[in-house]
Structures are given as structure tokens and as C-alpha cells.
Amino acid sequence: MADRSGKKFNRRDFIKYSGLAGAALSLGGIAGAGYLSGRNKATHTGWGRDAYGGNQYFNRAAFRVHRPTYQKVGPVRRITYLENIFNRNGELYRLMFPRDGSSPQWTLKQGVSDLPGPLRDYYQSHPGSLQEFKKAFRRGQQQKKNWKKYKTRYLLASAWSAAHESPLHGKGAFPSEPEGPPEESDFKGITTEAYSLKSPGHGSRLIKKIAHTFGATLVGIAPVREQWVYQGYLRGVGKTQFNKPPHWKHAVVVAIPHEWDSLYANPVYGTSYDAYSMLNFIAGKLEVFLKHLGYAARPHVPPTDYDIAMPPLAIDAGLGEQGRHGILITPELGANTRLAAVTTNMPLEEDHPIDFGVAEFCRKCKICADQCPSGAISSAEKPPDVIRGYRRWAINQDKCFTIWNTVATQHPRGCRVCLAVCPYSRKNNWVHRLAKDVDAYDPTGTFSSAMLTMQKSFFSYPGGAQYLPPPNGTNAVYQKPPQWLKTEEWFNLD
Amino acid sequence: MFIIDLFLKPVFWIIMGMLYLIMIYSARYWAQDLNLQMNWWKWLLSAAWFILLSLSLAGGMTLIGEGETQAGLYFLGLFLLIDIILGVGLWRLITMKSKKKRV
Numbered sequence: 001m002a003d004r005s006g007k008k009f010n011r012r013d014f015i016k017y018s019g020l021a022g023a024a025l026s027l028g029g030i031a032g033a034g035y036l037s038g039r040n041k042a043t044h045t046g047w048g049r050d051a052y053g054g055n056q057y058f059n060r061a062a063f064r065v066h067r068p069t070y071q072k073v074g075p076v077r078r079i080t081y082l083e084n085i086f087n088r089n090g091e092l093y094r095l096m097f098p099r100d101g102s103s104p105q106w107t108l109k110q111g112v113s114d115l116p117g118p119l120r121d122y123y124q125s126h127p128g129s130l131q132e133f134k135k136a137f138r139r140g141q142q143q144k145k146n147w148k149k150y151k152t153r154y155l156l157a158s159a160w161s162a163a164h165e166s167p168l169h170g171k172g173a174f175p176s177e178p179e180g181p182p183e184e185s186d187f188k189g190i191t192t193e194a195y196s197l198k199s200p201g202h203g204s205r206l207i208k209k210i211a212h213t214f215g216a217t218l219v220g221i222a223p224v225r226e227q228w229v230y231q232g233y234l235r236g237v238g239k240t241q242f243n244k245p246p247h248w249k250h251a252v253v254v255a256i257p258h259e260w261d262s263l264y265a266n267p268v269y270g271t272s273y274d275a276y277s278m279l280n281f282i283a284g285k286l287e288v289f290l291k292h293l294g295y296a297a298r299p300h301v302p303p304t305d306y307d308i309a310m311p312p313l314a315i316d317a318g319l320g321e322q323g324r325h326g327i328l329i330t331p332e333l334g335a336n337t338r339l340a341a342v343t344t345n346m347p348l349e350e351d352h353p354i355d356f357g358v359a360e361f362c363r364k365c366k367i368c369a370d371q372c373p374s375g376a377i378s379s380a381e382k383p384p385d386v387i388r389g390y391r392r393w394a395i396n397q398d399k400c401f402t403i404w405n406t407v408a409t410q411h412p413r414g415c416r417v418c419l420a421v422c423p424y425s426r427k428n429n430w431v432h433r434l435a436k437d438v439d440a441y442d443p444t445g446t447f448s449s450a451m452l453t454m455q456k457s458f459f460s461y462p463g464g465a466q467y468l469p470p471p472n473g474t475n476a477v478y479q480k481p482p483q484w485l486k487t488e489e490w491f492n493l494d
Numbered sequence: 001m002f003i004i005d006l007f008l009k010p011v012f013w014i015i016m017g018m019l020y021l022i023m024i025y026s027a028r029y030w031a032q033d034l035n036l037q038m039n040w041w042k043w044l045l046s047a048a049w050f051i052l053l054s055l056s057l058a059g060g061m062t063l064i065g066e067g068e069t070q071a072g073l074y075f076l077g078l079f080l081l082i083d084i085i086l087g088v089g090l091w092r093l094i095t096m097k098s099k100k101k102r103v
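From first to last, the protein sequence lines stand for chains R and P. Each residue of the first sequence is one higher than the one before, starting from 1 at the first, in our numbering. Each residue of the second sequence is one higher than the one before, starting from 1 at the first, in our numbering.
Accuracy of the hints is not assured; some may be wrong.
25 Å max Cα-Cα, derived BS3-like pairs, lysine-lysine [unchecked claim]:
1. 244(R) - 291(R)
2. 239(R) - 249(R)
3. 16(R) - 42(P)
4. 41(R) - 42(P)
5. 480(R) - 134(R)
Restraint ranges, calculated between C-beta atoms of paired labels, are given here [to be verified]:
6. 10(P) - 227(R): 27 to 37 Å
7. 411(R) - 15(P): 48 to 58 Å
8. 39(R) - 21(P): 24 to 34 Å
9. 54(R) - 47(P): 28 to 38 Å
10. 21(R) - 11(P): 10 to 20 Å
11. 45(P) - 14(R): 21 to 31 Å
12. 21(P) - 64(R): 42 to 52 Å
13. 17(P) - 292(R): 45 to 55 Å
Don't read these hints as lab results, they were simulated from the structure. Idealized CB from N, CA, C, for every residue including glycine.
Input sequences plus hints: build the corresponding full structure.
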């Protein structure tokens, strides 16, 4: 064969130019494969669902440590009832709006000294906290007024959130609230004598498998340490001082992520209730399952039905480590990790805590602190506070809650910007998994520094105040909302 | 989707494999015709460069695919620049010795 100039185009040339074309086509192919990998919904963290635990893929054995990564620096004590912002806010609301319709026992015009005993003591020892509550309350009133303006735009997001919230409260809630002390309520519904397990290891493997079939992305087993049990209030009993019940031997800790698209469109399109309702179902089913085998069980579920603090329990269960934003970071889900637990007396083999370098990463990163619209997350080099005997990251709960009451939602529905912007929360596609895995195995921290430089230079973030409604912000969201949460895509709005 | 998972995905990677085979097969002819004195480590460096180029494209396009267009473009810009610099360096390394031999 000859070309136009008469030069022969032989087999050798054919192979050469085919190889050149092959190289070009393979580059095109790999670029296309990369693009599709980025779009693939199976790479949404935790949502490439495998019913039997395939999403808990991280090799934790390589990162096991004997001591958990929280740092004990002094005498420890349990978290008291009023140290939980929802409990103390609830107490204030009940004073302002008594359930029996009687006149208020406290109003916003009054000060700390006008509060009853324990509340007064708390706010006196936490200067500025009550002022922040008053600010949050006023912002909440403004939020209700603003909703008229934003209702149409965020109608679907609000309806979606309300649907997820619906099974969490009231008489039809599942799991139901415990009634009576744990020594009674945790044993209610047991249908048989406790079956004897072949070994605690068999118990752990079985319960993990079952939890995965119920929808848990991550499962770990932890001992129930007294210091993580709340003090001053026990569900089923009420306000009381109590010791850890002896049958709370182990906690089965389960974790799932938020729905991906809505998480990335925080704060106004996201909700916490999607993960909360699923966790309630998973933990509730585990309770029933354990009781059918003859063992005591008590679920501890979000939003507020806990008798134990979840993050340290999950750290003990080897699921992850605490991040700068105070939230658990897991290798698989990043900060997009929501937790529940079931305490039980079933003999179980406990997991080991892990250290995959979160403390050092968070020291350098600070993206969540920069993006937090409330300024509740510390930018310090090291955790500045000692909380109940542990030096650890802790957010300013009051400031955080003020922003819940400020963003353009129907009512305080949270913010979750810190979950979405955390570099560990990125998709589970090959790029981010490679980065996370290499970082975990790099003891020098050089790789994470390089990755963080790229993260901060390449990726764009709206910036703290932008997440707020006008005049302070623009109702910005971290990423574009999905089509299915945009009202204008589905309804005639004229 | 059934058709994509069962048929198109494997077919895509089979085609990619064939493209790589043709490319590898033709490489020695290119080397001979360009008078490149190739040895094992030059082939190794060339393969590493091509893999880096492929990963750069795939990485940038993955970020674009997940909606991080700006990050994807920056990624492509940075790594393609690195690929070009390394490619020029590699070409000089490969041709330098062959020129010497020709003299």
C-alpha cells in the first residue's frame, strides 16, 4: 500500500500509527473513566451499600492502639445533665413557657441570678452562655419570620426533613422510650432464657453481621466505661443520681452517613434527621434482636435519647477518632458519621481503638474552623480546653446553636457545614481513597501536608458568614443542591 | 444498570487493554525508527511517565465528575504541567545517549 506521495505504508507503519492512536485513545478512555468514577453514586461515602459490611473496608488492624487517642490529663468526671445544651435549653424553655400554661418563671429580661438553683449554678460558672441563649432565642424568632420569604425555595428540603423526623417523636416513636429503671426496662420483652454463645468472639461477629443487615455502615463493640455515662438524668427514671447499671457491659456502636447530596448542600438543604431516623430503626431492631436471644438491651439514639456520650464510646469501639469539630471522624465516612449504640449484657469481644492520624491532620487543617458560620470551632494549634479530665477539641455549643436558629430553615434544624467541608468526608472514589489511605500509612505527615495544600488551593468554599441569610450572608450552600431538592424543578411557582 | 454493569464496563476495560497492548507492541518500532537506544530502565521510566500522565487525566476528570470543576481544572493544570516538564526531561535523557552513540 502506498500513500499519495508514493511512499509505501507498510505493516510496520500500520502498527506504529495504530500504537500512537491507541495511546491517544487510552488517554481519552482513562479520562472518561475518571469522569464517570467521579459521577458514580456508589462512591458516596457509605452509600455504595453492601448489606453485609462491605462499606467498613478500612484495615483497622494496622492502626490498633492500646490507649484511645483522647488525652487524659486530670481527674475525670461524668457529663452532667445541664452540660448538654439541649437539656439546659429545655429547662429554660420550660421556665419561659410552663407546660401547665401558668405565667413564666423566668423571662429573657431577667438575668442569671433569677434562675433556679442548678441552672443558676451552671450559667454562673459559664459566663456568656446565657447571653448566647438569649441571642439564639431572638434569632429563632427572626428565623420563623424569615421562613415566609424562603419557604418556597426550601419547601422540598423542609418536607424531606420533616418526613425523616416524623418517626422520632411521640407515642409511635421507634424504639419506644424506656419506662422504669434500666434493671426493669432493659429486660422488658425478653422472650427466652439467654442462649449460651460459643464464645464472645462469636457474639461480636454475629451482632456485627446482624447490625449490617439492619443497615449499619460501621459497627464496633466497646466496653461501657462509667465516665461516658451521663449523670443527673436517666431515661425511664428522670432526674436522678445513678451509677452505671451492672448489665451495661458492652455497647454495640453503629454508624451511618447522611444522604450524600443533601449533606453537600448544607446548611439549608441538609438535615440531620435522615441519618437519625435510620439509626433509630437500626438500634431499635438490635434491641429487639438481642432480647429475642435472651439478653438485656437498651438503645441510645439521636437526636437526644442517650444515656451515654456517643463519640468517646465510638472511639473505644475502634470506629474512628475525634476531629477538631468535636465530631467523630471515621476512615470510611469522614465526619459524615452519625452514631447510635445499644448497651447489652451479651458476652461480646470488644474492638480496639485506632489511631490513623486524625489529631495531627486536624492540627494542620482548620478548614472546619474557617468555614464555621458561628466561629464555634477553635483554630488553636492544640486543643485549648480540658473537658472533664480530657484535653480534647470541644466546640462552643452555644454559638453553634445560635447559628441553627439563624440559617434559612423553617426551625432550628442544624447546620452541618463542618461535616460537609471536612477533607475526610470526601467521596469514596479512587482519588480520595488513595489520598486517605496513603496519608494513614505516612508517619511523617508530609503527604497530608501536600494534600492539604491542594485542598485549600484547588477547592472553593463559600466562607463562614455566607451561609447565613441576608444581610449578613447569601444563604450560600457548600455545594449545589441536588435537582430532587429544588422546588422550582418540580412545581409551578408562578 | 444491568446492561452497563454486565456488558459495557467489562467491554470498556477489554478495549482499553487492547489499546495498551497495541501501544506497547508499537513502542519498540518507534524506538527503532527514531534511533533511540532503549534499555530496561528507559522503558521503565517511559512507562512510569505514561502512567503518571494517565493518572493526571483520570484524577482531574474524577474531580470534575464529582462536581468539583474548579478543583479538577487546577488539578489538571498542575499535573499536566508536571507531566510536560517530566516528559521533556525524559525525552532529553532518552535521546542524549543515543546521540552520543551516533557520534
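Hints and how they fare:
1. 244(R) - 291(R): OK: residue 244(R) and residue 291(R) at ~20 Å, within 25 Å.
2. 239(R) - 249(R): holds, 23 Å
3. 16(R) - 42(P): holds, 19 Å
4. 41(R) - 42(P): Violated, at about 40 Å.
5. 480(R) - 134(R): Not OK: residue 480(R) and residue 134(R) at ~33 Å, beyond 25 Å, violated.
6. 10(P) - 227(R): 27 to 37 Å: violated, 54 Å
7. 411(R) - 15(P): 48 to 58 Å: Distance hint for residue 411(R), residue 15(P) holds at roughly 54 Å.
8. 39(R) - 21(P): 24 to 34 Å: Cβ of residue 39(R) to Cβ of residue 21(P): about 28 Å, so the range 24 to 34 Å holds.
9. 54(R) - 47(P): 28 to 38 Å: Given a distance of about 33 Å, which is inside 28 to 38 Å, the answer is holds.
10. 21(R) - 11(P): 10 to 20 Å: holds, 19 Å
11. 45(P) - 14(R): 21 to 31 Å: For residue 45(P) and residue 14(R) the Cβ distance comes to about 27 Å; the hint holds.
12. 21(P) - 64(R): 42 to 52 Å: holds, 43 Å
13. 17(P) - 292(R): 45 to 55 Å: holds, 51 Å
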